[in-house]
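Engineer: Please work from the sequences and hints to get the whole structure.
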Amino acid sequence: MIVYILKRLASIALTFTVVSVIVFLMMHAVPGGPFDGNDMPVSDEVKAKLNASLGLDRPLYVQYFKYMWGVLHFDFGVPFQSPGETVLELLGRAWPPSLILGGAGVLIGAPLGILLGMAAALRRNTWVDYLASAFATLGLTIPVFVTSMLLILVFAVWLDWLPASGWGKPYSWVLPIVAYATIPLATYARYTRSAMLDVLNKPFVTVLRAKGLSERRIIFQHVLRNAALPMVTVFLPMFIGTATGSIFVEAMFRVPGLGAYFVSSINLRDYALEMALILMITMMFCVSYLISDILYALLNPRIRTGGRRG
Amino acid sequence: MKSLLKLAGAVLVGAVLSGPMQAQTTVYSAGDSTSGTYMDYMKTVYARAGNPEAVQLPLTSFDNNYDLNGLAAESWSQSEDGLTWTFKLRDGLVWSDGEPLKASDYIFALQRAATTGYDFAWYWGYAGGIANWDAVTKGEADVATLGIKAVDDKTIEVTTSAPKPYLPGVVSLWYPVPKHVWDKLGDEYAANVETLVTSGPFIVESWEKSNNKMVLVKSPTYTGPWQAMVDRVEIDPSLGAPEVGLPAFMAGESDFSYLNAGQIPFVEQRFPGQIAKNAVFAVSYLSFDLSSAPFDNINVRKAFQYAINRDEMTATVLKDLAIPGKSLLPPGYPGYNDTITAQAVFDPEKAKKFMADAGYPNGEGFPEVEIWYRDQGGYNGAITAPMLQYLQAQFKDILGITMNIKVMPTKDWMAGLLEKKNNLFLAPYEYDYLDPSNFYGIFYNGGRHDHRIAAYDELVAKADSAPVWEDRDQLYRQAEQVLIDNASFVPLVHPITNAVVSKDLKGDGTLPNKLGFAPLRQLALYFYTHIEK
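Note that the protein sequences, when read in sequence, are chains G and U.
Counting from 0, one number per residue, gives the positions in the first sequence under numbering that gives the first Met the number 0.
Counting from 0, one number per residue, gives the positions in the second sequence under numbering that gives the first Met the number 0.
Note that these hints are calculated values from the structure, not bench results.
Nothing here was measured: the structure is a model prediction, and the numbers come from that model.
Ideal Cβ placement from N, Cα and C applies to all residues, glycine included.
You may find that some hints are simply not true.
Said to hold, decoys possible - Below are the DSS-like pairs computed for lysine-lysine, each with C-alpha atoms no more than 30 Å apart in a straight line:
#, chain 1, residue 1, chain 2, residue 2
1, U, K183, G, K65
2, G, K46, U, K420
3, G, K48, U, K420
4, U, K208, G, K48
5, U, K183, U, K153
6, U, K148, G, K48
7, U, K419, G, K46
8, U, K502, U, K217
9, U, K208, G, K65
10, U, K87, U, K217
11, U, K505, U, K217
12, U, K178, G, K168
13, U, K183, G, K46
14, G, K168, U, K212
15, U, K405, G, K46
16, U, K419, G, K48
17, U, K420, U, K405
18, G, K48, G, K65
19, G, K48, U, K532
20, U, K178, G, K46
21, U, K217, G, K168
22, G, K46, U, K208
23, U, K137, G, K46
24, G, K168, U, K352
25, U, K502, U, K212
26, U, K183, G, K48
27, U, K318, G, K48
28, U, K532, G, K168
29, U, K137, G, K65
30, U, K395, U, K318
Said to hold, decoys possible - Distance ranges between label pairs, derived from CB positions:
#, chain 1, residue 1, chain 2, residue 2, range
31, U, G185, G, R57, 19 to 25 Å
32, G, L139, U, D337, 53 to 59 Å
33, G, I290, U, S209, 26 to 32 Å
34, U, S76, G, L24, 54 to 60 Å
35, G, L24, U, V150, 50 to 56 Å
36, G, T136, U, E531, 47 to 53 Å
37, U, Q268, G, D159, 44 to 50 Å
38, G, R57, U, A140, 23 to 29 Å
39, G, R123, U, D374, 42 to 48 Å
40, G, G102, U, D295, 58 to 64 Å
Structural biologist: This is the structure we're talking about:
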């Protein structure tokens, strides 16, 4: 098992390096730099001085190795768009609101979605199913900024119960979290319904019923357990998605999160931040897949032995 | 007796609590800049954080009628040869840390800008015409040779390479830098609220890096004109988008909000009389690469000139968002003239004739062209897509040509324009200072379009330095006529912005000017110092 983990760690290091090289080259291959794009062009002399102030006058390979050397020492540089702090400090302040928003959204939305999906599957082709399916479909198809606008209109403007936007006291978190929760809610509702229907139609369920097991025991002990496997697969990327913030929800509710930085770092050619964000996502995916691989390996010895019988 | 004493005590407590205490007035405002860089206009203009214009004191500034007012400068005069301007500073001006505000702080600001890389450097070379500016920015001359000098603590002398009659307006963007603070902290002094020292009517109480929300409070040390009339201003950049700003306005969380096209009819009904319109002194125009086919052919460019129905476009797809753009200069801007605008007519027959003369009758044989425009928010973002779709249909209908549309990030668009990667662009431009030379500078001696038309350059150079306004005006007219005759560009529209303003907000800053427009935050310092609540 240790050898397996070491191999996977080596594979992660290789993936990380390859991604860093590709992203670095792509960033610099895109036309324009941090000081292009103003209404009046910056003169070559001024641009040279500005580039030198950020170390962008050096050869690309020097810039790359310097940056990666810093990364190895947890120094991701200084974001061009916020020079009074380091990239790590920026992530330290911008990430928590995104994590709260996304984490709470998933923790609220996923269980509700599972319940909705179960209700739909167990009452198939009844008004419960139609209502739940319609709700889930609407949740997936209505853009989240429209949902956000409706929530603001109803709860902030008409009822005056909650603030329209902002991220101060916890009660101001309610609307953005509810808006965000519609996505995992709808996703899980649809996945649960189809997964449960799939399992409910399996022959072993008929056998269980023939054996005289109670419907409750069949559903909770057997059907839900088997139906949970595909849902676990959905959970991982969804969780990583929440950790990187939601651009639309954060913009609509003025949440000072990480979402907007994914866009601004690209638009502003904020190379240090852009690299840091991509490397962060890469590492999160690598680590999460490592964890799931280890779990699979623990559950299934054939994986850790590469399928060979000893 | 005891009851009387109790009553007297209660009255006294009530009087103490209610008497001297006054609620602070706070204005909640949308911000313009989402940047978190430096709150220092002299460090970066295009990426500046917050509103340095509201906390630092320029030498002069424009009010909402676009009349020039002296702020740090009490008076100014021009030498007889027109090459030297002398600005006298007011007495009693101090920084927010109590240090006196000196002429040397202004000199240092420009010296640093000339030597350390300043994204607005073109302005002081072209508009300011400061002697030796270009040589110093190129590193060919010592900074001491710059045409600026602190004669004493209260006197600034500016020498220009050619007479600059409009220099007092140009220096409305000349802000000081606290040299005594910069000597200790460098540029970083303006990157954090703890170290930021200001000279204007407001100081910065807080700056939340998480969303660049800033709270400005009335400066206790400021003694100059345009004193703040409210105690606090909360400026939140995330309220800038109308989609976010209007709901916040309706929930009472913001005192005004910009409006998008879809919101205007609703707001007209819901908040009648509360919409403020503003001409932003900007233009959107078609720009060609004059050196390559098919736009190297003047007849093709002329065909485009006559194929645009600006009146219909602004009455339909751009209703409430723009007015017809028939010249480079917008209405109300100094130098705007009817002689030029009268020539911008919609004449489909003439357009077709020019296409035929160019060798493309009914568009036959004309290559498919692609117009590039930049992805932007704000007023440009609102008008570009519908305008281009309208033009696409009109060009197909009248000229028989196919014009594809491509949107791209601003940086790529600008790189494409400068490096001539395409031959057709939709270009927007907003004024930087209030003089015709600002707009004519776009095409001067290359500018951002690299047109280099000798006759035009000569006329603009003459107009820029002519001492008498009437002479300058005539020369600029002639210069624009050269552009029109050459069909170097095609003006399309002048955008306008719409905002809904709370009834609680009062003061000259909210009122329409003599042109009927309310510039609001466009003149940030004037606006924030001329509002009450």
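Engineer: Find the hints from earlier in the document that the structure breaks and name them by number, from lowest to highest.
Structural biologist: Numbers 12, 19, 24, 27, 37, in rising order.
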